[in-house]
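Colleague: One letter stands for each residue in the lines below.
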Amino acid sequence: MRAWGLIRLYTILVYVFMFAPIAVVLMLAFNNSQFGGFPIEGFSLRWFYKLAENEAIVRAFKTSLSLGLLTALVATTIGILASLALVRYEFRGKDLITTMLISPVLVPETVLAVGLLIFLRWLHMPRSFLLLLLGHSIIALPFVVLVVQARLVGIKKEYEEAARSLGASPFQTFLTITLPLLLPAVFAGALFAFTISFDNITATIFWRPTGMETVPTQIFGMLRNSVSPEINALGFVMIVITVGVPLLAGALARYFARKKT
Amino acid sequence: MAGVELKNVVKSFGAVTAVKDVDVTFDEGSFTTLLGPSGCGKTTILRMVAGLEAPTGGDILVAGKRVNDVPIHKRNLGLVFQNYALFPHRTIGQNIAFGLKYRGVSKSDAATKVKRALDIVRLPGVEDRYPTQLSGGQQQRIALARAIVIEPDVLLLDEPLSALDANLREEMRVELKAIQHRIGVTSIFVTHDQSEALAMSDKIIVMSDGKVQQVGAPEEVYNNPANEFVASFLGASNILDVTVAGSDQDSIALSTAHFGTIPVPRSRATNLGDGSSGRLVVRAEKLQLVVPGSKVTGVGAKGTVEAVDYQGQIARYFVKVGDLQLQAMNMIEGRPFGAGTEVTVQINPQDCSVLPAEVK
Numbered sequence: 001m002r003a004w005g006l007i008r009l010y011t012i013l014v015y016v017f018m019f020a021p022i023a024v025v026l027m028l029a030f031n032n033s034q035f036g037g038f039p040i041e042g043f044s045l046r047w048f049y050k051l052a053e054n055e056a057i058v059r060a061f062k063t064s065l066s067l068g069l070l071t072a073l074v075a076t077t078i079g080i081l082a083s084l085a086l087v088r089y090e091f092r093g094k095d096l097i098t099t100m101l102i103s104p105v106l107v108p109e110t111v112l113a114v115g116l117l118i119f120l121r122w123l124h125m126p127r128s129f130l131l132l133l134l135g136h137s138i139i140a141l142p143f144v145v146l147v148v149q150a151r152l153v154g155i156k157k158e159y160e161e162a163a164r165s166l167g168a169s170p171f172q173t174f175l176t177i178t179l180p181l182l183l184p185a186v187f188a189g190a191l192f193a194f195t196i197s198f199d200n201i202t203a204t205i206f207w208r209p210t211g212m213e214t215v216p217t218q219i220f221g222m223l224r225n226s227v228s229p230e231i232n233a234l235g236f237v238m239i240v241i242t243v244g245v246p247l248l249a250g251a252l253a254r255y256f257a258r259k260k261t
Numbered sequence: 001m002a003g004v005e006l007k008n009v010v011k012s013f014g015a016v017t018a019v020k021d022v023d024v025t026f027d028e029g030s031f032t033t034l035l036g037p038s039g040c041g042k043t044t045i046l047r048m049v050a051g052l053e054a055p056t057g058g059d060i061l062v063a064g065k066r067v068n069d070v071p072i073h074k075r076n077l078g079l080v081f082q083n084y085a086l087f088p089h090r091t092i093g094q095n096i097a098f099g100l101k102y103r104g105v106s107k108s109d110a111a112t113k114v115k116r117a118l119d120i121v122r123l124p125g126v127e128d129r130y131p132t133q134l135s136g137g138q139q140q141r142i143a144l145a146r147a148i149v150i151e152p153d154v155l156l157l158d159e160p161l162s163a164l165d166a167n168l169r170e171e172m173r174v175e176l177k178a179i180q181h182r183i184g185v186t187s188i189f190v191t192h193d194q195s196e197a198l199a200m201s202d203k204i205i206v207m208s209d210g211k212v213q214q215v216g217a218p219e220e221v222y223n224n225p226a227n228e229f230v231a232s233f234l235g236a237s238n239i240l241d242v243t244v245a246g247s248d249q250d251s252i253a254l255s256t257a258h259f260g261t262i263p264v265p266r267s268r269a270t271n272l273g274d275g276s277s278g279r280l281v282v283r284a285e286k287l288q289l290v291v292p293g294s295k296v297t298g299v300g301a302k303g304t305v306e307a308v309d310y311q312g313q314i315a316r317y318f319v320k321v322g323d324l325q326l327q328a329m330n331m332i333e334g335r336p337f338g339a340g341t342e343v344t345v346q347i348n349p350q351d352c353s354v355l356p357a358e359v360k
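So the protein sequences, as listed, match chains H and Y.
Under my numbering, think of the first position of the first sequence as 1, with each following residue one higher.
Under my numbering, think of the first position of the second sequence as 1, with each following residue one higher.
Please note that a few of the clues may not be correct.
[What the hints assert, rightly or not] Selected chain Y positions facing chain H (Cβ under 10 Å, derived; list incomplete):
no.: 1; residue: Pro-71
no.: 2; residue: Asn-76
no.: 3; residue: Leu-77
no.: 4; residue: Leu-79
no.: 5; residue: Gln-82
no.: 6; residue: Tyr-84
no.: 7; residue: Phe-87
no.: 8; residue: His-89
no.: 9; residue: Arg-90
no.: 10; residue: Phe-98
no.: 11; residue: Gly-99
no.: 12; residue: Leu-100
no.: 13; residue: Arg-103
no.: 14; residue: Ala-147
no.: 15; residue: Ile-150
no.: 16; residue: Leu-156
[To be verified] Calculated lysine-lysine pairs in the DSBU-like style (CA-CA distance at most 35 Å, straight line):
no.: 17; chain 1: H; residue 1: Lys-157; chain 2: Y; residue 2: Lys-7
no.: 18; chain 1: Y; residue 1: Lys-20; chain 2: Y; residue 2: Lys-203
no.: 19; chain 1: Y; residue 1: Lys-203; chain 2: H; residue 2: Lys-156
FYI, nobody ran anything at the bench for these hints, they're computed from the structure.
Just so you know, even glycine gets a beta-carbon here, dropped at the ideal spot from N, CA and C.
Can you build the whole structure from these sequences, using the hints too?
Modeller: Structure (structure tokens):
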């Protein structure tokens, strides 16, 4: 019994160690004090107002949002098509292509970032938003492929064969049968892609054009000067988005699933 | 409605040849079964007719037209799978109407047709339910309704009853056959279950190892198997080595090791010359066991019952005659013979069929 007690204590400590910093950020976001620190001097939303007035942050936020959404769109589209090819068809070099698609997860992000930069220098292309989008899509793609592929394997081929025997062309079959059945995975993949893009910093620092900031790089830049309480507020917003969006999506999915049956 | 013809069809998957030079016809409006063990090529043939696989060689004709290069969605076929394959995200009504959408049928016409199809499969009023809300047997009826509502040229059934439990399977096979008969659609049915094949088919194509072994009506295939494979695949058979001892106008005398000489009617024996050897096939249910000393019709030999498999109305006996192991399926009159009982095993020459010795 004593051994279990120790394990329990140890587990609690690990969780505290992991989540305490996040909790601190969340709490300090509402601290009235100019200098972030305990004890909290009073509840206030002033840092959120300041955040909304800070043009640099708002701009960075908009950049991150559109970058995240576009990454989700690009990575999900390519991910679906790649998964279809890998699961439904036999062709030469399939294993190699699978490995290549997954490899961005395996390669250190710094190496990937430098590699892409060198490649673009060789092509004489400047750094741009498009490059950033391309890069983020490469990083997010493996997650989309893994999620969509797993689901596609579970969708029996007979559904598609039945649809085609009834007169649906391959494309109509995809739209009416495969895609709807794949939707939960597509949704999950898109969320992954968005979240990965939204809080990516390592590769973004390498790829962003001069003057363009995403939320993480903006925070990073601000931290170099001082720890402003605004950053805590921004941290709060980011946590709400990256945790809240998937939770909301899950709740919606369950709601629609219940409504159907 | 149309017949289907396969001309010298070959299908290879890499180094494996699944279908070897198959030449068969499926008559217009008939119910034809492709019967054989798994891996015999029967499903591959069905998938080629459906357009899900392309033949490596030969031609496939539907209504006299070559369809090798016609993609599946333009072939106008009804396809029913073993696992039903109803679209889980669509209601029953939407499932059945799926094919009508691509045939330019208006919404109101479609609703009428769906209703009629549901009446045919005797499941009216389930339009708004989802497939998972129905039982396996009901789902398979819906799958059938979905396939026939488009008025297909050919109905392809890929082991549609195999996923159902035994009682339901027998009920469904009667019903399936009745529906097919009523709408008169050319049907190709794939199964490994000989009783399904015998019960439902107008014609059976027995396959093994990618080749057609025999084509014929159920009684024909059952009573006059073309070779040992067919004899042993359809029901239990006893196969004895025989040599031709002599012949007259009506019969051929075959000498056996354990039953003496059996005079088999000429019509039951393919042309065997004097002195040539052959194989005598006796169905298990034609091998009669009687109490020793009773009057024997045909020829008889002494044997011992080794094991009994009691099945209610009938019993399956494993009998030893000398060094020969035989099977007999007999109606039980009174009490079944117990293991170890001495019996007389009798063969009626009328019930035998003779095959030439297999050329190995």
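Colleague: For every hint, state whether the structure bears it out.
Modeller: For each hint, the structure was consulted:
no.	hint	verdict
1	Pro-71	8 Å, holds
2	Asn-76	7 Å, holds
3	Leu-77	6 Å, holds
4	Leu-79	4 Å, holds
5	Gln-82	8 Å, holds
6	Tyr-84	8 Å, holds
7	Phe-87	6 Å, holds
8	His-89	5 Å, holds
9	Arg-90	9 Å, holds
10	Phe-98	5 Å, holds
11	Gly-99	3 Å, holds
12	Leu-100	9 Å, holds
13	Arg-103	6 Å, holds
14	Ala-147	8 Å, holds
15	Ile-150	6 Å, holds
16	Leu-156	8 Å, holds
17	H/Lys-157 with Y/Lys-7	28 Å, holds
18	Y/Lys-20 with Y/Lys-203	20 Å, holds
19	Y/Lys-203 with H/Lys-156	31 Å, holds
The structure fails none of the hints (numbered hints given earlier).
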